[in-house]
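**Q** Protein chains in written order, with the numbering used here: chain A, 1 to 316; chain B, 1 to 395; chain C, 1 to 344.
Please note that a few of the clues may not be correct.
Computed beta-carbon distance windows for the label pairs [said to hold, decoys possible]:
no., chain 1, residue 1, chain 2, residue 2, range
1, A, Gly-126, C, Ala-340, 31 to 41 Å
2, B, Arg-259, A, Ser-84, 39 to 49 Å
3, B, Ala-52, A, Asn-67, 45 to 55 Å
4, A, Tyr-120, C, Pro-339, 30 to 40 Å
5, A, Trp-65, B, Ile-203, 49 to 59 Å
6, C, Asn-77, A, Ala-70, 32 to 42 Å
Bear in mind the hints are in silico, worked out from the structure with no lab data behind them. Ideal Cβ placement from N, Cα and C applies to all residues, glycine included.
Each chain is listed here by its residues.
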Amino acid sequence: MTVLTDILHLLFTANLWQATLAAAVLLLLPALGGVVSERSGVVNIAMEGMMLTGAFFGVVADLAWHNVWAATGVAILAGGMMASIHAVVSIQFRADQIVSGIAINIFAGGLTVFLVNRIYGLQDVGHLGQSDLLPNLNIPGLEQIPFFGKVLFQQNVVVYAALVLLFLTHIVLFRTRLGLRIRAVGEHPQAADTAGINVFMLRYGAVITSGLFSGLAGAFLAIGISNTFVPGMTDGRGYIALAAMIFGKWTPFGAFIACLIFGLGEAIYANNSIIHVSPYLLSMLPYLLTLIVLAGLVGRSTPPAADGLPYVPGSE
Amino acid sequence: MPPIARRLAGGLAMPLGSVVLAFVIGAVIVAVTGGNPLDAYSGLLCGGLGIACSQGENPALQVSTTIVYVIPLITTGVAVALPFRAGLFNIGAEGQLLAGMMACTAIGVKFSDLPSPILLPMVLLGGMAAGAVWAGVPGILKATVGAHEVVTTIMLNYVAQWLLRYLIIGGPLQLAPGTSKSLTIGPGAWLARVLPNDNSLVIFGLPAGVFRVHTGLLLALVAAAAFAFLLWRTSLGYEIRAVGQSQRAARYAGVSVARTIIVTMLIAGAFAGLAGAIQIAGVDHNLTDIYFSDTTGFDAIAVALLGLGSAVGIVLAAILFGALHAGGSVMQADAGISGSLVFVLQALILFSIAANFIGQIRRLIPGLGRPAALPPEMPPAAPMMTEAAVPPVEP
Amino acid sequence: MAHKRLKFLGVAAAVLMLAMACGGSNGGGGNTKQYKIGLVTDIGGLNDKSFNHLAFVGLEKAKADFGIKDDVIESHNGSEYVPNLTNFASKSYDLVIGVGFLMQEAVGTVSTQFPNIHFAIIDGAGTDAKGNDLKHTNVQSLYFKEQDAGAMVGVMAGWLEKNGKSKKPQHVIGAVGGVSIPPVNHYIAGYKWAAKMEDPGIQVQVGYSNDFTDPAKCKTVAKAQIDQKSDIEFQVAGGCGLGVLQQAGQSGVYSIGVDADQKDADPSVIASALKKVDVATYTAIQNVVKGQFSSGALTFSIANDGAGYALDNLTLPAELKAELDKVQKQIHDGTLTPPADIPA
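Work the whole structure out from these sequences, hints included.
**A** Below, the structure is given as structure tokens:
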């Protein structure tokens, strides 16, 4: 049972939890985006594509300007642009939101490779120097705390930003008028409309927010964790984020806990030079866990009532 | 114009318009990024349909290649279209296809000595059974605890992908250490080719072995016909459509909604599993790492949507996407335009159908087309199919 | 002589590619026939920052030197390998090159159908479904002794650890592979073997990311190894492995690149293990153009300068340079043979 003792030993190292948090945040941002979008009643399975687009344009901008903050802005906006396509198609044109989401993912995958070919002429996408990347930031003082200092306060700036966004999203959704309205629109758009809430406006805002969050995740991946763009580099993370969102029952903190579980899995798996289990079987775990959650074995996971239904003013 | 022709024209206007619109936008993207859209599209046309080849491509070979891609698209297209009719969205055709491949390979390897009349049905039915199981889980979860099938099928896609990797890398189906493929299935499990797989025979100026069209094409066409028959000529088909239109009404009419959902998913999974089994039995004869990156099950969604959920439509849409797939390579070789453009086009077609841009354009410009052919308010794509708004093209 | 020329050509490739982009080629020296060369990538695509890219570099160089007509098809999924290879073969190309181990069976199939067309395959042979080399007379296999390249960087890592010249020397180093397949494991085998030769007490951690495209995954694996006291990290995972180099930079340890010279990927890169796919591709084309195509295996190793290492962002101590030269000569002469399988 050396495997188990190895894992147990690992669980008490700050390094493991530091890696867990970083991996979790990469999932948390798109998952939060998904929560906001779906709470407003728009199904969003397009986080993968939005993230990839953000990653690509972030790298392009950073290579051109050598300004990581501007590049991050571009990545966020690129994610937002993709999201606005989803918004227009699914809110304005009342398209099937799942079809639109699939189309976004296919579109992003094709477009980024196509543009890599056109822009960089079949050559290598360049590498960015350390100074052009989203920096790690050790919080003075706090980083000295044993164990927790390393886990919580020696991280990339995006990790802190994501944690702030986590609290912010929770507060906005559950403690403000705006959040109440967003949720009302997601649960009962007709009633919300009757009460004078602008359903379209709120849904647009929520969907685009999900794109901005996913774009930031793309920036974190491409110009924070990595320093270049590799085609298909998001590698299904947007879908795991989707799983995390459902796992977390469409709440920010629930999603965060799910992301931590998946992130922990990734961090433990990264130690596979000392743990020997078929990596492929291990890789199935997040998806199987989500299925178990969905099967109701860990309590029921119910989406917002009007999730996925286009709103037609005056209907019913 | 006779009413049937008008209805047909009306039914075709939306998908055709969507395709044209996608190609126009695609041309703009190519032009803006400094390419020549005409070169790109002539490459696609040659690669996909063997028409207007300027660089010495063999038209017969291109058509054959396209058909090989079309076969699984038809069958998985059905696997997506059938649940659509019941108001279910099966994104899991990919996982079900992989399940079919795994089962087909496992059986074909295990019983490799059996003669064809026994083994071939075994691998095909085994593939169908595995696909049915893979789709049955989401069906049961949907019918019992209400878990959304979109999410469960996505999760099962990934489970299938990783299971496939496990089986052929370090798992029980691995050929030998260091390889990432399985043993070959017994010859009895192979689907015959349409042209003899004999390289000494020259057909259309090339060795006959290069034409990989196989008899799975017939199975795929039978599957499409079976789909139409099931939907329009059986009581189960009636129940599926009833559930798709309104679960409440179906319940009043005495239809068991839960049972219909589960049965629909089982049948859909069987179709997708069949597609996987046909692919192994007809093309590859072993399970290899090439299917890590397979996207057939996702393309099938586009096929089902563009085909408006009718058997004929699915076959036509499968031909379009199969041709795009085959054409992308030729476009890159001949015109130097990245084959990824094909994915962009595919996404644009999806957007266009889903958002019904064509209907919107018509509404803005009333003089365009034949306004009588379409109702003024076109509902979005997926519900449209479930509400049987499209007249059946089948007899 | 050949050694020097190849090295020069390697450097010249990048320059020539720029020239290509600006004006296109002006044809080769007086040949009346224009040779047609087709390259089919595996699913990594041309921008994989690894062997597909290098193959393309070799192709472009050949185009500049010989005025060939070069065409490329990127495979988007594995079911395209056979049709893409067939495309070029059916158009009577003079050489069809398949890039990568994953394409072995496809090359085997298509080369059977077109016995008069020449094929070359990087990292493999034309095989049947069971993985047996069909030994067709029209197929040239371009193999690499990745273990040679791995051994050179292994010498460097081992020496630095033994002499306390690495960043945090504790006699622990790491390697991050993409997937456990032969071309990856050869590198790691040479690396581990040579490191142990230099520093018998060294511990070599070997991990796999299970991925070739996602840098975040490799980064996490590298971090785990660094946390386990590794202070030299060797990446053998293509685009994914870029995350390894970066993690090393952020953790203040050394890293080693793979396949191409990855000096620019991160300042932490002290060396790169080179697998000169560009040289191999160029050589294969050259043979065809000169009418010297030969079937069977052509193995690129230290012995023919088809594998090796590049020194990157580290000024080497003289003794280490001497040691590297010594080992390189021994491998070159055959007195030392790095193993192909990862030693225990």
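**Q** State for each hint whether it applies.
**A** Structure-based check of each hint:
| no. | hint | verdict |
| --- | --- | --- |
| 1 | A:Gly-126 x C:Ala-340: 31 to 41 Å | holds, 34 Å |
| 2 | B:Arg-259 x A:Ser-84: 39 to 49 Å | holds, 42 Å |
| 3 | B:Ala-52 x A:Asn-67: 45 to 55 Å | holds, 48 Å |
| 4 | A:Tyr-120 x C:Pro-339: 30 to 40 Å | holds, 38 Å |
| 5 | A:Trp-65 x B:Ile-203: 49 to 59 Å | holds, 57 Å |
| 6 | C:Asn-77 x A:Ala-70: 32 to 42 Å | holds, 36 Å |
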